[in-house]
Amino acid sequence: MGSGTLRNSLSAESSFSEALSNTCHINERAVIVEKLCEYLCYKSLYEGAKKNEEIPDFQERVQPEISLELLVAADYYDV
Amino acid sequence: MGDAGGAPAADGFESDNLDEPEEPVTPRKRKLTKAAEAKLKAKEKEKAKKKAKKNDNDDYEDEDEDPYSALSKMWRDDIPKPPVGSFENCARCQKQFTVTKYTVAANPPPGYLCHPCAKSSGNDPFKKPAAPRKRKPATDKRKVEHFEDRRLPSLASICIQVISKHIDDVEALGDIGGMNLDEIAKALAKNRSLNAENATLFYNVENERLIMYDVTNLTPPALCTLASLNPNLTNLRLDFCGHMDDTVASTWAASLPQLKRVELLGPFLVRAPAWQAFFRAHPDLEGFLITQSPRFDIECMRVLVQSCPNLRELRLKEVGQLSDEFLVEIKPLGEKLTYLDLSYPGRPDALSDTALIDLLVAVGPSLQHLDLSGHAGVTDGVLFRGVKPHALGLDALMMANATDITDAGVAEFFETWQGKPLSRLDLSRNHELADAALGALLKHSGERLTELNLNGWKDLSEDALKGIPKNARFLKKLDVGFCRSADNFFVKDILEQCSDIQEIKIWGCARVTEHCPRKRGVNIYGIETAQIY
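Same order as they appear, the protein sequences are chains A and B.
Mapping to the UniProt record's numbering: the first sequence position 45 is 45, numbers consecutive.
Mapping to the UniProt record's numbering: the second sequence position 120 is 120, numbers consecutive.
Heads up, a few of these hints could be off.
[Unchecked claim] Using 20 Å as the maximum straight-line C-alpha spacing, the simulated SDA-like pairs for lysine to any residue come out as follows:
| no. | chain 1 | residue 1 | chain 2 | residue 2 |
| --- | --- | --- | --- | --- |
| 1 | B | K519 | A | Q59 |
| 2 | B | K165 | A | Q59 |
| 3 | B | K519 | A | I66 |
| 4 | B | K186 | A | G4 |
| 5 | B | K165 | A | S9 |
| 6 | B | K466 | A | I26 |
Hints listed in this document are in silico derivations from the structure and should not be mistaken for laboratory results.
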């Protein structure tokens, strides 16, 4: 799974409520959540790419206006 | 020939029977081609010759394998090779040459070839057998993950790059005020990507406190700009400031007039004169806390005490040149010093216990925090004659790794000490201490203890451990690593009876298993059988 925090909270071994109910509440603004999901898709898609495959740049898709909040969120979710 | 006499044969003329009867042609022989026949012949001859020449020298026996003379075998029917060393005329070019053991026979026979002719006809006796050319080695079929070439950048690092790119464009970055700048500082430090560009995000003329958790990438000029852009700083804390050097110290001397408290981890480049200039420029300094500096010497100490009489907090942790003379210099600070940390000096025996006792006599009364970890010279004497009578206001006592204090000594100290109960106590890695000490300290300080570190008290018994949840009910952080008797029940007791507990460290406690109870909000570190993902 892409996000370390999400992986730990949903893990079957822990007794977190997220694991039991299989849902994670993310308390961020909508646009931040959207970017996080976008990045998770990007990551899962290109993680196993071979050496010479072209990988599109994600940096151009991060608007500077949200970059500060996104940084804090990315740090929290260990993405 | 035919019959004797001249009488004609009964069924024809005599001349009809002139030939000898033909040999019956065996069907087998017909199938053999000419080449095969020749081979067969050669083989038979070889065998015959081998038998005949069994007593000959071994060279002939080995000729089977030796490629150099294998050829000559084929033409053995030929003129036998003249003795080595004699002259011969080449069969092709008629030149005279010396026969060696490498001389090849001419094809077709008879004759022998000189070396150049032999080479030109392709029978170079010296040519090494052509190495079989290998196919291009098959590419490594295993899937190797090249971490260097291919690594999706983490979202955090992407964000940091975007921020750095737009650092000057205030509008683009939007409203920073709402963000928690501290969180951002921590995120940047975790990535070790705080550099001169994005550091400006935190600078503000109005700043009074500034904490940066990792300034490894800030060069001296960047650190100087830090001072000029934050002139009203009173509290400054920089971790991992390895690049800080004399120029920075002198700039700070000039441009941070309001500085009261400075906390630095790793300013090892700053030389003594620079420190002294810094102190002289800040007479109001109240807190000077540095860790790791081999250059801070006795002169600096002297200047510090002279220039900054109001010093309240002093930390000289991991300072290489720490010695008894330093303690003499610290004494004048006696009235005001509340925080003293002299732990882990360059040499474990840097301070003697007499000097420590003298120091405590002078500064003890006002001290609230004392850290003397890592000193081999700390003995029971220091406790009894230094701390006990003089340091009665102590709130936190750290004496980790002080191998000379004894169980009985510590026990007696706590039993007879008049000081008020401690809230933070660190006596880790003192292997001698055990039940008596624990019992005494719990009786003395139990009701106020919030942080207790007993890492390494391996001889503690289970009964003594049970005293902890009973007596220290307000514990928030507990470290009982390597206390072999700690087990699941002990952890359960702690969780139940210490309602404020936040952190329990049980590294090296083999009896705590993964079935150890957990509680929401409490971090338990060090369970050995924990699952790792």
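Here's how the hints hold up against the structure:
For a cut-off of 20 Å, the pair hint linking K519/B to Q59/A is broken: about 41 Å separates their Cα positions. As the CA atoms of K165/B and Q59/A are separated by approximately 11 Å, the hinted pair is consistent with the 20 Å bound. Between K519/B and I66/A the alpha-carbon distance is near 36 Å, which puts this suggested pair outside the 20 Å criterion. Taking the CA atoms of K186/B and G4/A, the gap is near 18 Å; set against the 20 Å cutoff, the hint holds.
This hinted pair does not check out: K165/B and S9/A have alpha carbons roughly 34 Å apart, beyond 20 Å. Using a Cα cut-off of 20 Å, the hinted pair K466/B and I26/A is violated, with the two alpha carbons roughly 41 Å apart.
Checked against the numbered hints given earlier, the structure breaks hints 1, 3, 5 and 6 and satisfies all the rest.
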